[in-house]
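All residue numbers for the sequence shown refer to the numbering used here, where the first residue is 1 and numbers rise by one.
The hints are simulated quantities; they were obtained by calculation from the structure and are not laboratory data. We put the CB at the ideal spot given by N, CA and C, even for glycine. Treat the hints loosely; a few may be bogus.
[As the list claims (entries may be wrong)] Derived DEER-like restraints, expressed as beta-carbon distance ranges:
#	residue 1	residue 2	range
1	I61	C143	36 to 42 Å
2	Q204	A5	22 to 28 Å
3	A252	I70	18 to 24 Å
4	R127	N176	51 to 57 Å
5	Q155	L35	27 to 33 Å
6	L82	W120	46 to 52 Å
7	A252	A289	46 to 52 Å
8	I134	S3	23 to 29 Å
9	A257	S81	32 to 38 Å
10	Q204	I170	44 to 50 Å
11	K38	W123	18 to 24 Å
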Amino acid sequence: MSSLALAAQNLSIYLGIFALVAGILGGLLNIIVFLSLKTFRQSSSAFYLTIMSISNLGILISGQLTRILISGYSIDWTQTSLFYCKFRTYSLQTFSNVSLAYLSLATIDQYLSTCSRPQWQQWSNIRVAHRLAILVVLLGLICNIPYAIYYVHNQSPTTGGITCTSTNDIFQRYMNYVSGITLTRILPIGLIILFGILSYRNIQQLARQTVPLVRRELDRQITIIVLVQSVITFFTITPYIVVYCLLLVFNANDHPAIFNNLQATNSIALSVYYLYFASPFYIYFCASARFRRQLKYVLFDVHFNQCCRRITPNTTLSELVLDNNQIGDGDAQHIGIGLQKNKTLIGISLCSNQIKDKDVQGIGEGLEQNTT
1 MSSLALAAQN
11 LSIYLGIFAL
21 VAGILGGLLN
31 IIVFLSLKTF
41 RQSSSAFYLT
51 IMSISNLGIL
61 ISGQLTRILI
71 SGYSIDWTQT
81 SLFYCKFRTY
91 SLQTFSNVSL
101 AYLSLATIDQ
111 YLSTCSRPQW
121 QQWSNIRVAH
131 RLAILVVLLG
141 LICNIPYAIY
151 YVHNQSPTTG
161 GITCTSTNDI
171 FQRYMNYVSG
181 ITLTRILPIG
191 LIILFGILSY
201 RNIQQLARQT
211 VPLVRRELDR
221 QITIIVLVQS
231 VITFFTITPY
241 IVVYCLLLVF
251 NANDHPAIFN
261 NLQATNSIAL
271 SVYYLYFASP
281 FYIYFCASAR
291 FRRQLKYVLF
301 DVHFNQCCRR
311 ITPNTTLSEL
321 VLDNNQIGDG
331 DAQHIGIGLQ
341 KNKTLIGISL
351 CSNQIKDKDV
361 QGIGEGLEQN
371 TT
């Protein structure tokens with residue numbers, strides 16, 4: 001194994017594990033923040049970013065996890081299971097296409113939202129976003145069906161090894177030049193960069209217009225987020241596109257040495273490529289101070305405090321069961337004081353067969369002493 005191939009293997013393992021763990025954690029935090037705040041739930045651009053985060057989780061689990069197993073531990077389930085061979089290829093293509101499509105829609109939507117023309121602004125709404133989201137998913141599921149059909153087990157005549165690949169020449173050309181490069185890589189990146197720049201220009205003009213402060217801050221936040229992510233997307237995906245095109249030019253038969261080096265380089269480019277799916281949360285966190293405050297509010301002020309209230313019922317007493325064997329006259333009076341301090345009494349369940357009259361009287365005295 002050459003030094004370049006060894007470096008590519010180590011990078012696939014260690015950078016892959018980092019991207020997998022960080023990407024899953026960041027994707028979950030993105031989903032929690034976007035779904036917890038009404039501001040984001042009503043924003044069509046934020047809705048696209050939410051669905052994109054879900055798609056990124058899918059490709060990290062279905063693609064990056066298996067890639068780590070193949071590179072680091074020589075565990076390749078695509079060689080042992082024809083179903084998994086088809087399913088992995090189909091899911092990888094679908095999640096990847098859908099993720100880039102939603103980021104493209106988010107940048108286009110943000111451009112429409114910040115546009116000065118009202119007839120264009122009306123297309124930026126949550127109802128249109130819901131319909132386009134369903135359409136993108138359906139197109140992704142339908143258009144990638146050929147991957148599930150034409151990817152099969154192919155046994156090498158020289159080594160006897162089994163690989164998961166396509167043997168249909170027509171589909172192979174379509175995959176190399178149309179699906180693999182133009183429609184799912186170059187076109188989305190071009191749209192993302194173009195509308196990201198246009199949105200940033202609009203947001204500069206928006207500051208001089210009479211716009212509600214809340215909307216202006218939200219538009220500015222999402223525009224900066226989308227613009228920074230557009231730049232990161234360009235630098236993480238472009239190397240993979242370049243190496244992919246070079247592999248189409250230099251084949252294994254005519255240029256074996258160059259092809260082997262390109263294969264190792266392609267593995268490195270793939271490791272960088274997967275960073276696109278793992279990075280959105282950290283891009284938002286670094287690029288937007290408002291997102292950092294929203295994250296802190298959602299995690300600690302909303303969910304953490306809610307969990308604490310469920311675990312420690314200091315303010316609400318739903319039901320009190322009094323047992324004669326454990327409660328005496330003095331304890332009963334203190335119960336009345338405690339009930340008044342907690343200010344909420346929903347119900348008291350008294351076991352009449354076990355509580356004596358003097359205990360009940362003591363409880364009543366405790367309640368009366370603390371009644372205002």
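To see whether the hints hold, each was checked on the structure:
1. I61 <-> C143: 36 to 42 Å: 22 Å, violated
2. Q204 <-> A5: 22 to 28 Å: Hint violated: Cβ distance 48 Å, outside 22 to 28 Å.
3. A252 <-> I70: 18 to 24 Å: Given range 18 to 24 Å: holds, Cβ gap about 20 Å.
4. R127 <-> N176: 51 to 57 Å: 38 Å, violated
5. Q155 <-> L35: 27 to 33 Å: Roughly 47 Å apart at Cβ, these two residues miss the hinted range, so it is violated.
6. L82 <-> W120: 46 to 52 Å: 49 Å Cβ-Cβ, so the 46 to 52 Å window holds.
7. A252 <-> A289: 46 to 52 Å: 51 Å, holds
8. I134 <-> S3: 23 to 29 Å: 49 Å Cβ-Cβ, so the 23 to 29 Å window is violated.
9. A257 <-> S81: 32 to 38 Å: 34 Å, holds
10. Q204 <-> I170: 44 to 50 Å: 48 Å, holds
11. K38 <-> W123: 18 to 24 Å: About 22 Å separates the Cβ atoms of K38 and W123, which means 18 to 24 Å holds.
Consistency with the previously given hints fails for numbers 1, 2, 4, 5 and 8, ordered from lowest to highest.
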